[in-house]
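Student: Read off the chains here:
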Amino acid sequence: MTMTRGTKTLLCVLAAIVGAFIYVPLAIILINSFSVDRVLSWPPSGLTLEWWGKAFQNEGVRSALLTSIGVALLATAVALVLGTLLALALGRFDFFGRQAISLLVVLPIALPGIVTGIALNNVFTSFLGGLTLLTLIIGHATFCIVVVFNNALARIRRMGGSVQEASADLGAGAWTTFRLVTFPLMKSALVAGAILSFGLSFDEIIVTTFTAGPGITTLPIWIYQNLFRPNQAPVVNVVAALLVIISVLPIYIAQRYSNTDERGAGLL
Amino acid sequence: MHTKRLLTTVAAVSAATLLIAACGGSSSSSDSSAAPGGAAYAGPVGTGEGQVNVLAWPGYAENGSTDPAVDWVTPFETKTGCKVNVKTFGTSDEAVKLMQGGGWDVVSASGDATLRLIYGDNVQPINTDLVPSYANIFDDLKMQKFNSVNGVAYGVPHGRGANLVMWNTDKVTTPVDSWAATWDANSPYKGSVTAYDSPIFIADAALWLMATKPELGITDPYALDQTQFDAAIELLTQQKALVGEYWSDYTKAIDGFKSGTTSIGTSWQVIQNLAAADGGKVMATKAKEGATGWSDTWMIAKDTKNINCSYLWLDWIASPEVNAQVAEWFGEAPSNAKACELTTDKAFCETFHAGDTAYWKDVYYWNTPTANCLDGRTDVKCVPYSDWVTAWSALRA
Amino acid sequence: MTTTTAPAGLSFRHPWLRIVGLLSAPLAWLVVVYLGSLAALFVTAFWTVDDFTGQLVRTFTLANFSEFFTNPAYLGTIARTLSIAICVTILCLILAMPVALFMARIASHRWRPLLVALVLTPLWASYLVKVYAWRAMLQPEHGVIAWLLQPFHWSGPGYGYVGIVVTLTYLWLPYMILPVYAGLARLPQSLLDASSDLGAGSGRTFRSVVVPLVWPSIVAGSVFTFSLSLGDYITAQIVGGKVTMLGNVVQTTYVNNLPFAAAVATIPVVIVLLYLAAVRRAGALDQL
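Residue numbers (this note's numbering), protein chains in the order written: chain L, 1 to 268; chain C, 269 to 665; chain Y, 666 to 953.
If you're looking for bench data, these hints aren't it; they were derived computationally from the structure. Ideal Cβ positions, reconstructed from N, Cα and C, are used throughout, including at glycine. Incorrect hints may appear among the rest.
To be verified - Straight-line distance between alpha carbons at most 25 Å, and here's what the computed SDA-like set of lysine to any residue pairs gives: (1) Lys-508/C <-> Glu-732/Y; (2) Lys-8/L <-> Arg-872/Y; (3) Lys-573/C <-> Thr-125/L; (4) Lys-439/C <-> Trp-812/Y; (5) Lys-187/L <-> Leu-47/L; (6) Lys-351/C <-> Leu-65/L.
Claimed, not checked - A few chain Y residues that don't get close to chain C, going by computed Cβ distances all over 12 Å: (7) His-679; (8) Ile-684; (9) Ser-689; (10) Asn-736; (11) Ile-743; (12) Ser-748; (13) Pro-816; (14) Phe-817; (15) Ala-850; (16) Ser-860; (17) Ala-865; (18) Pro-877; (19) Val-908; (20) Val-920; (21) Ala-926.
Looking at chain L on its own, in the form it has when it is part of the complex:
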């Protein structure tokens, strides 16, 4: 559109308003993490660094953080393998059931988390005897697959089939072709997918509450338990502020890797 200056200005203003809408609550969290009040009230009556100090010493936060990281890493690993396999199959070949499979892959994210949660919980408690760390990882990996799959699929489609065919013409077997040709070309898409999958698993609460074994506390579960507790609520604010600040870097990296000019961050 050759937009008039008026339209451009209007759009800039509107975009800025929406941008403010997005970031004001985050700013509130950040400010509240310095607030003296333990129960939330606005404006804060004073500022303090006390909660930041407490957050770093808090045993519960540290172990929850480690658990979350561990679970997210493992779930991402599984999702990487399965997502890549799926993308290779669906990106290259056209076969009966292809549409059904691509629908199936989207389902764990498209269906409400609570449905996935109680379905898995039901199966785990009835057949596997109970909930453990493994059941949690299974739950997370299931909905992380689609994120990796989308990124990998987009890349494979862009790659085209000619490079693989050339490799085969030169005598490489399927595995060698994958190892030396396909995978290097796909690496950055997989990195982007892995980062997004990690983020998805790291922040997940609904499926987690239904699939985590007794005593397993991921960071979201810790936050959920401590949201309203007077002594811990300010620490929750600190943790949240930290999460936002720390996450800018991996997101930026993911952006650079996934070539977002054409596709929207590969998230969707």
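Starting from the structure of chain L, add chains C and Y where the hints point.
Tutor: Same frame as chain L, but now just chains C and Y:
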């Protein structure tokens, strides 16, 4: 074309699953001819297994995370070597569901959970000889209908308390001594009343009807025939317009009262204690019309892997020192008579009527409503708990 | 000269082998673990629980469904949840459009990765904390919105239906911005130039050229905002006051009555599946 194939596949799968459902086997009922839960542990209690998973009401198993000075879990861990893993729940229903899911060793069950756990084969009988503290438990708590079956004990009593009416003194300027403001259709606190988010709260409505509509003839708020039950549901539907937030997470209740979102409503002593400690302007009291309450029992899971640690925990939590600490922290009457000498507030047991049987006469402990009326009536059928759940769920929808 | 080694040639000559090899692991996972558990849940919807012990009674019955659909309170819940999901989707679209347009057509290429990162960053602030931040904002007396509106003597919407819609819109906004941005970025400038050559102003171009072309992206974004709102229950618990959604019904009843919860849970599943089927026709699934 693809859509057609997709739809056919979906239809086929659905038909298959429906077939499975229809051909499902017989109902799974446990054989309850023998004492449910199998045999009690013969003992003796040996060294701990190193771990015990505890399901507790908030405030019952404090490990210093709420208040660093309030901790009776760490001394237990040091003494017995059993690492304690605590999970708190908000309602008895949650407790039952969690126990059914497995993985938990001990649970502090209220009277509306105990029988379901016993008959659902989730807990085992207790060998009271293995719990030295048991001897000093008040007699009117032992071997009650809700914690024993046919003379077999299923748990160690923990303590008892009443549900209080609590109010924010900034919003409610005159002291409150009645539930009236929480039920009256013209209540001045419309939109900021709170109520407990559990089907068992229907009994609170029944309690109010006992005081205001004696013609309904309710004598036990857990024994309601259909007419009485419908009246209670109608009262609750009317109350819904007054309610701002329902709570089952006690911290949400603390937050609501402290911030003034909630003016008045059902609460626990521990909520008032914590809110006031943090600067909230709150007060609580037992209403003159009586109250529902609870009498809790510590029970051991049927297939626990940490039987020794479990028995060690039961004895620990029922011992005079710890029982006194819990009771003072939570704000309830202790179950161990010797605890009364050890409370920091010497008048604590008196204030909380620990041995005062008269006080508990108008406190109706949470119980599990059954079709056979709990008040002994044989001419009518009472509404069973599963219908309470259905009605409550529809009410909250 | 042999063109390929035997095993490689085998899989090239029989692509089916390759497909099966590739798909066996992920399909086993998705079908057995995921679909299997969904099917098991679906089956449970036709059973009941024993009144007293709470154990499953495995006899086929439609009682759960009839109980749900004959109760006006539950029908109200479905209606309310659907209306929330639709409002959230529409609001997200209205808010996303200026941002996406700005990012795609006004901002220079250099800034785009940063802008996308800025849009994505809030997704990393824990979902729970964001909802709690809105609880802080919406609090009727001491909240941020109440503070802002003090001169107007209004305490804001407080907790309830509006609070839920605003919070959910906030939460899912990035999921709408990104696909719309991607769609807008892909629009060839030539089409827009042609439109203005033919005499259309910005508004007309937007209406008649941009929106139809970007429609599949919009629909792709709506899949997330719609389905995520449909199944949410935590937001309702924290900022909803006493208002409940379908997810809350499932969450509270699954504790006592799994079959009933399963029956209720099938409703959002069916709605989402129907939505996905409709969306596929719009070609949006390719955007997913």
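Student: It remains to establish, for every hint, whether it holds in the given structure.
Tutor: Structure-based check of all given hints:
no.: 1; hint: Lys-508/C <-> Glu-732/Y; verdict: holds (22 Å)
no.: 2; hint: Lys-8/L <-> Arg-872/Y; verdict: holds (16 Å)
no.: 3; hint: Lys-573/C <-> Thr-125/L; verdict: holds (17 Å)
no.: 4; hint: Lys-439/C <-> Trp-812/Y; verdict: holds (19 Å)
no.: 5; hint: Lys-187/L <-> Leu-47/L; verdict: violated (46 Å)
no.: 6; hint: Lys-351/C <-> Leu-65/L; verdict: holds (20 Å)
no.: 7; hint: His-679; verdict: holds (23 Å)
no.: 8; hint: Ile-684; verdict: holds (17 Å)
no.: 9; hint: Ser-689; verdict: holds (19 Å)
no.: 10; hint: Asn-736; verdict: violated (5 Å)
no.: 11; hint: Ile-743; verdict: violated (9 Å)
no.: 12; hint: Ser-748; verdict: holds (15 Å)
no.: 13; hint: Pro-816; verdict: holds (20 Å)
no.: 14; hint: Phe-817; verdict: holds (20 Å)
no.: 15; hint: Ala-850; verdict: holds (29 Å)
no.: 16; hint: Ser-860; verdict: holds (34 Å)
no.: 17; hint: Ala-865; verdict: holds (36 Å)
no.: 18; hint: Pro-877; verdict: holds (23 Å)
no.: 19; hint: Val-908; verdict: violated (10 Å)
no.: 20; hint: Val-920; verdict: violated (4 Å)
no.: 21; hint: Ala-926; verdict: violated (9 Å)
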